[in-house]
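Student: Given chain U's structure and the hints, the job is docking chain Z onto it.
Chain by chain, the residues:
There are 2 protein chains.
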Amino acid sequence: MPTNAKWLNKVRWDEHGLVPVIAQEAASGDVVMFAWMNREALARTVELGEAVYWSRSRRKLWHKGEESGHTQKVLDIRLDCDEDVVLLRIEQKGGIACHTGRHSCFFQQLKDEDWQAVEPVLQDPATIYSQDKKHP
Amino acid sequence: MPTNAKWLNKVRWDEHGLVPVIAQEAASGDVVMFAWMNREALARTVELGEAVYWSRSRRKLWHKGEESGHTQKVLDIRLDCDEDVVLLRIEQKGGIACHTGRHSCFFQQLKDEDWQAVEPVLQDPATIYSQDKKHP
Chain U
1 MPTNAKWLNK VRWDEHGLVP VIAQEAASGD VVMFAWMNRE ALARTVELGE AVYWSRSRRK
61 LWHKGEESGH TQKVLDIRLD CDEDVVLLRI EQKGGIACHT GRHSCFFQQL KDEDWQAVEP
121 VLQDPATIYS QDKKHP
Chain Z
1 MPTNAKWLNK VRWDEHGLVP VIAQEAASGD VVMFAWMNRE ALARTVELGE AVYWSRSRRK
61 LWHKGEESGH TQKVLDIRLD CDEDVVLLRI EQKGGIACHT GRHSCFFQQL KDEDWQAVEP
121 VLQDPATIYS QDKKHP
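Residue numbers (full-length UniProt numbering), protein chains in the order written: chain U, 1 to 136; chain Z, 1 to 136.
A couple of the hints might just be wrong.
Claimed, not checked - Dumping the calculated PhoX-like pairs for lysine-lysine here, alpha-carbon to alpha-carbon at most 20 Å:
#1 Lys10(Z) to Lys111(U)
#2 Lys73(Z) to Lys111(U)
#3 Lys10(Z) to Lys73(U)
#4 Lys93(Z) to Lys73(Z)
#5 Lys111(Z) to Lys6(U)
#6 Lys111(U) to Lys6(Z)
#7 Lys93(U) to Lys73(U)
To be verified - What follows is a set of in silico ranges between Cβ atoms, one per label pair, in the way DEER data are often shown:
#8 Glu113(U) to Asp112(Z): 42 to 52 Å
#9 Gln123(Z) to Asp82(U): 12 to 22 Å
#10 Gln123(U) to Ser57(Z): 37 to 47 Å
#11 Glu47(Z) to Ala126(U): 32 to 42 Å
#12 Glu47(Z) to Ala5(U): 37 to 47 Å
#13 Asp112(Z) to Arg12(U): 18 to 28 Å
#14 Glu15(U) to Arg12(Z): 18 to 28 Å
#15 Trp13(U) to Arg12(Z): 20 to 30 Å
#16 Val121(Z) to Glu67(U): 38 to 48 Å
#17 Asp112(Z) to Leu48(U): 14 to 24 Å
#18 His63(U) to Asp114(Z): 38 to 48 Å
#19 Asp82(Z) to Glu113(U): 19 to 29 Å
#20 Glu113(Z) to Ala126(U): 39 to 49 Å
#21 Thr127(Z) to Arg58(U): 39 to 49 Å
The set of hints was computed from the structure by calculation and includes no laboratory data.
Owing to the predicted nature of the structure, the values given are computational and were not obtained by experimental measurement.
Glycine residues also receive a C-beta, built at the ideal position from the N, C-alpha and C atoms.
Bound conformation, chain U alone (with noise of 0.2 Å):
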């Protein structure tokens, strides 16, 4: 997939050259996780059928799932009426998207002035990733 094709060129990327991507599994509507993605990001989630991101920390391409086999099937993509957000519709490989071994990265809810935690740990991070690696 060439990273010149005219429908990138239509994506509005930031002042970094990154989009805000939102990955929404899509049997059960859930928003699982939100990343940024770069031109060849976005161009080699094509090619392959799965999401690829750009990880703002490590500074590189991240086939999500890589290392924890948690890797995301790419069904649909959508673009906002501003052309500045992309909108994923996945099937999220093992249930969990979330480095903390949840199924969904927004488990946090705000409750009595607070943050709690309210969904369960699926899996044991440590029993997840290879090495002893933070989601990027």
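Tutor: Chain Z alone, transformed into the frame defined by chain U:
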């Protein structure tokens, strides 16, 4: 709602003092919008029970629906694992979140290497806004 509340300090505001916010319609599960909040916007959202964003273009608080009537009643507020993204579960008044008159802002689908509008306009934008104002 004081803007120095402890739960507001847990949010990892970016270098502009903002956090990305995803708005998901609770009933349908549809992701309808993406916007930004600053500390005051999130405090006001909780206080009001309706989504208040920070308009980066107008550089002011934006009570969603203040012109269109398409307010968003907030049912649930989540924070992600890294504490730098907020997810709202909302009731979308009028069923229209997008300034184009569509249900969702994410109406452009990548298909045959192009973005194609795949959701109908439910209301003529000219009749939504009293003045000729675009989505901030």
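Student: State for each hint whether it applies.
Tutor: Evaluated hints:
Distance check on the hinted pair: Lys10(Z) and Lys111(U) sit about 13 Å apart at the alpha-carbon level, within 20 Å; holds. Between Lys73(Z) and Lys111(U), the direct Cα distance comes to roughly 16 Å. Compliance with the 20 Å bound is thereby established for this hinted pair. For the proposed pair Lys10(Z) and Lys73(U), the alpha carbon gap of about 32 Å is over 20 Å, so the pair is violated. Pair hint Lys93(Z) plus Lys73(Z) holds up; C-alpha atoms about 8 Å apart against a cutoff of 20 Å.
Pair hint Lys111(Z) plus Lys6(U) holds up; C-alpha atoms about 13 Å apart against a cutoff of 20 Å. Distance check on the hinted pair: Lys111(U) and Lys6(Z) sit about 13 Å apart at the alpha-carbon level, within 20 Å; holds. At most 20 Å may separate the alpha-carbon atoms for a hinted pair to count; Lys93(U) and Lys73(U) meet this at roughly 8 Å. Remark: the range hint 42 to 52 Å for Glu113(U) to Asp112(Z) is upheld by a beta-carbon distance near 49 Å.
A hinted range of 12 to 22 Å holds for the C-beta pair Gln123(Z) and Asp82(U), which are about 19 Å apart. Between Gln123(U) and Ser57(Z) the CB atoms are about 42 Å apart, so this pair conforms to the stated range of 37 to 47 Å. For the pair Glu47(Z) and Ala126(U), the supplied restraint of 32 to 42 Å holds, since their beta-carbon distance comes to about 40 Å. Range check, Glu47(Z) to Ala5(U): about 45 Å between beta-carbon atoms, so the 37 to 47 Å window is met.
For the pair Asp112(Z) and Arg12(U), the beta carbons lie near 21 Å from each other, so the given range of 18 to 28 Å is met. Between Glu15(U) and Arg12(Z) the beta carbons are some 20 Å apart, a value that agrees with the proposed interval 18 to 28 Å. Distance hint for Trp13(U) and Arg12(Z): a CB-CB separation of about 23 Å, consistent with the stated range 20 to 30 Å. The beta-carbon spacing between Val121(Z) and Glu67(U), approximately 43 Å, falls within the hinted interval of 38 to 48 Å.
Range check, Asp112(Z) to Leu48(U): Cβ separation about 18 Å, and the 14 to 24 Å hint holds. Against the hinted window of 38 to 48 Å, the Cβ-Cβ separation of His63(U) and Asp114(Z) comes to about 25 Å, which falls outside the hint. Hint check: Asp82(Z) to Glu113(U), Cβ distance near 21 Å, so the stated range 19 to 29 Å holds. The hinted window of 39 to 49 Å between Glu113(Z) and Ala126(U) holds, with their beta carbons roughly 42 Å apart.
Roughly 48 Å separates the CB atoms of Thr127(Z) and Arg58(U), a value that falls within the hinted 39 to 49 Å.
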